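*Asks:* Which chain is which? The protein sequence lines are B and C, in order. Its first residue numbered 1, the first sequence is counted upward by one per residue in the working numbering. Its first residue numbered 1, the second sequence is counted upward by one per residue in the working numbering.
Hint data in this document are derived by calculation from the structure and do not stem from the laboratory. In this text the structure is predicted, and so the values were computed from the model without any measurement. Note that the Cβ used here is the ideal one computed from N, Cα and C, for glycine as well. Don't take each hint at face value.
[Stated by the list, open to error] From the structure, some residues in chain B lie toward chain C, with a derived Cβ separation under 10 Å: (1) Val183; (2) Trp252; (3) Phe261.
Below, each chain spelled out in residue letters.
Number of protein chains: 2
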Amino acid sequence: MSLSRGEAEALDAADPLAGLRQEFDLPDGVIYLDGNSLGPPPRTALARLSRTAAAEWGRDLILSWNLNGWMEAPLRIGGKIARLVGAEPHEVAVADSTSVNLFKLAAGALSLRPGRTTLLAQTGEFPTDLHILQGLAALLGERARLRIVPEGELIAAIDEDTAALVLTHVHYRTSRRWDMAAVTAAAHAKGALALWDVSHSAGAIGVDLNAARADLAVGCGYKHLNGGPGAPAFLFVAERHLGTIRQPLTGWLGHAEPFAFEDLHRPAPDVRALTTGTPPILSLAALEAGIDLHLSVDRAQAEAKGAALSDLFIALVEAGCPELGLASPRRAAERGLHVSLTHKDGYAIVQALAARGVIGDFRAPDVLRFGVSPLFTRFTEVWDAVEALRDILATRAYDRPEHRARKAVT
Amino acid sequence: MSLSRGEAEALDAADPLAGLRQEFDLPDGVIYLDGNSLGPPPRTALARLSRTAAAEWGRDLILSWNLNGWMEAPLRIGGKIARLVGAEPHEVAVADSTSVNLFKLAAGALSLRPGRTTLLAQTGEFPTDLHILQGLAALLGERARLRIVPEGELIAAIDEDTAALVLTHVHYRTSRRWDMAAVTAAAHAKGALALWDVSHSAGAIGVDLNAARADLAVGCGYKHLNGGPGAPAFLFVAERHLGTIRQPLTGWLGHAEPFAFEDLHRPAPDVRALTTGTPPILSLAALEAGIDLHLSVDRAQAEAKGAALSDLFIALVEAGCPELGLASPRRAAERGLHVSLTHKDGYAIVQALAARGVIGDFRAPDVLRFGVSPLFTRFTEVWDAVEALRDILATRAYDRPEHRARKAVT
Chain B
1 MSLSRGEAEA
11 LDAADPLAGL
21 RQEFDLPDGV
31 IYLDGNSLGP
41 PPRTALARLS
51 RTAAAEWGRD
61 LILSWNLNGW
71 MEAPLRIGGK
81 IARLVGAEPH
91 EVAVADSTSV
101 NLFKLAAGAL
111 SLRPGRTTLL
121 AQTGEFPTDL
131 HILQGLAALL
141 GERARLRIVP
151 EGELIAAIDE
161 DTAALVLTHV
171 HYRTSRRWDM
181 AAVTAAAHAK
191 GALALWDVSH
201 SAGAIGVDLN
211 AARADLAVGC
221 GYKHLNGGPG
231 APAFLFVAER
241 HLGTIRQPLT
251 GWLGHAEPFA
261 FEDLHRPAPD
271 VRALTTGTPP
281 ILSLAALEAG
291 IDLHLSVDRA
301 QAEAKGAALS
311 DLFIALVEAG
321 CPELGLASPR
331 RAAERGLHVS
341 LTHKDGYAIV
351 QALAARGVIG
361 DFRAPDVLRF
371 GVSPLFTRFT
381 EVWDAVEALR
391 DILATRAYDR
401 PEHRARKAVT
Chain C
1 MSLSRGEAEA
11 LDAADPLAGL
21 RQEFDLPDGV
31 IYLDGNSLGP
41 PPRTALARLS
51 RTAAAEWGRD
61 LILSWNLNGW
71 MEAPLRIGGK
81 IARLVGAEPH
91 EVAVADSTSV
101 NLFKLAAGAL
111 SLRPGRTTLL
121 AQTGEFPTDL
131 HILQGLAALL
141 GERARLRIVP
151 EGELIAAIDE
161 DTAALVLTHV
171 HYRTSRRWDM
181 AAVTAAAHAK
191 GALALWDVSH
201 SAGAIGVDLN
211 AARADLAVGC
221 GYKHLNGGPG
231 APAFLFVAER
241 HLGTIRQPLT
251 GWLGHAEPFA
261 FEDLHRPAPD
271 VRALTTGTPP
281 ILSLAALEAG
291 IDLHLSVDRA
301 QAEAKGAALS
311 DLFIALVEAG
321 CPELGLASPR
331 RAAERGLHVS
341 LTHKDGYAIV
351 QALAARGVIG
361 DFRAPDVLRF
371 GVSPLFTRFT
381 EVWDAVEALR
391 DILATRAYDR
401 PEHRARKAVT
């Protein structure tokens, strides 16, 4: 298949979501294919952030906790995220970072499965997830162990000592999407829990935690949810575990009566028990704007467009860039919204693309990642990006010192 | 003593820091005496937040991690806070919330004192600190225990099983200030560590962690440091413990090479090992503006003015409001920058004051708190606030249903 630019223009013209692009103020001359790492700001996020800072923090000061809904923000925004991930509003809270939330829920999984000690994960998993599980296991000594096995051995490795299987729904490097319902069922068959990291899927593809019978989940606010750099993360606890789960980061916000100022911690009876410290109001303002934008979009249309964009990207790359390997599944239903390619000079190629205004990213040793978004990516941008990639490869334009020079953040 | 308003005006006229008030855009008609709970925004914070959101997040997008110093923000801002708390720049990092940081450092204290199991704290301590220690102790089972004793028994309770004494430098309810050096020395005499919470002292009074030989500390960004509601917190690890301390929240940001994307966590050799997840850039932008403002101020002048303001507050209250008890130490050197009064109708009195534009806060069952700031409080505001308080008491203006009605957040 080799689609012409005119045909890409026709796809944009027929796109029912094309108008959403106006919700963003993306810089001229840039094709942004890294929303899977940092989503761009909706215009409303900038406005809401200013208002929260000037009118709420600056004018109402401490009274904002009552006047402006600050105290309710973690559960209010969690309830909105719930609608994007197939959860009930009372099952989701916004809190902390993905890493901190994973710590809470992994410890929580052990509390729900007393007598079991194994946390099971795969090699090559999103590093911070493995790192957090290592930290928890090291802290707990003989009461917990982390078992990391290759992807292909994972399901068979679930056993009667497994407290929880911990997996990212869409893999950060390959974009491979697990069948959440099937994997969760396999965990349940051995009495284990399924703890999902939906950081690379929430807001990107269909996520239905309750349909899959997921037990626990964490997710990121700043990738496909457009919540801002380092935005607060979220966590999900299935209703059947609320009230039973125990997590160790028992801060004041998770107390049954935060303003009782008691010495003894009594956990809140609901998902607030999974929150810890004071809500980061400024960051939450930006996050809520991103979530609200996502909620305004027809999910079926968004999923169809996301699949079409990434399918187009793959088709054009395979037609025009034979030097590149495809590290992602070819079927959209088995992927997230980023496409991963391989090339030994991947780093320099990504830099050369950036010099032409096409922003993707690189993951060592050889993966080039390009993410699309049904909210702001145009079909013509996909076409233009692959054309730039094709040209850079054909002319070896990447083979220059300035493109090979490593930056601090890749 | 009974100072006239004219004399208060003279104090303002002679105040070398009076001009700092212009750095804030406080609302008309409000006397804000709650900066100890939520510091107001410096004008520069609003500007910096807008710039970070629009120009960095919105224009440079993912490239901001390299272009705009995002990756270095936790240690850069930590290094600035270090100058306010008597630490070296490489001993402080900004991360997470105070509660989460306390969890990390309390676990870290246990790692530094193998064989010891006791975390020692006082009854009536800042609740979230006790709650977090309870969560850690519950998680660790027989490997840790939390011992909570009355303030007067605390020093005597330090023993050979004490891994760390955990204390807030300035008490949230009474404003009582511990002698950090003396208490730390008492801990060290038994081989225990001293872990200080400087949430109510950093940015308010003189804090000199290294002069006191403090081992570990956490602190809040949104009270006296004016970092914004729910601002990121900070943590301090004395140089002699860096490289040895082990904390359990081992996220990607604390990895020796965050972009190596390794399965195995290798902690950074420096204070970055105490960080966990992706830095909250928007919140950090506001926090850094607050810190920069504090760094622009002569610390000796600020401490002298803070003591004078709170001394004046107490003197005027004692002269004009005999119904009120004083819950804070009378000597400024033994207090923080908030003054705590007691009255059985404290809640209604605080509400009645708020209705007149004087903002303090209330802590159950009977404490009224009023905080001053050398950056933005005027001596005449102290005078006017106490005059309002005197009048409300004299006329029993607080004794109305609308002032007694409880709000969600007190």
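*Asks:* Checking against the hints above, which ones are violated?
*Replies:* 1
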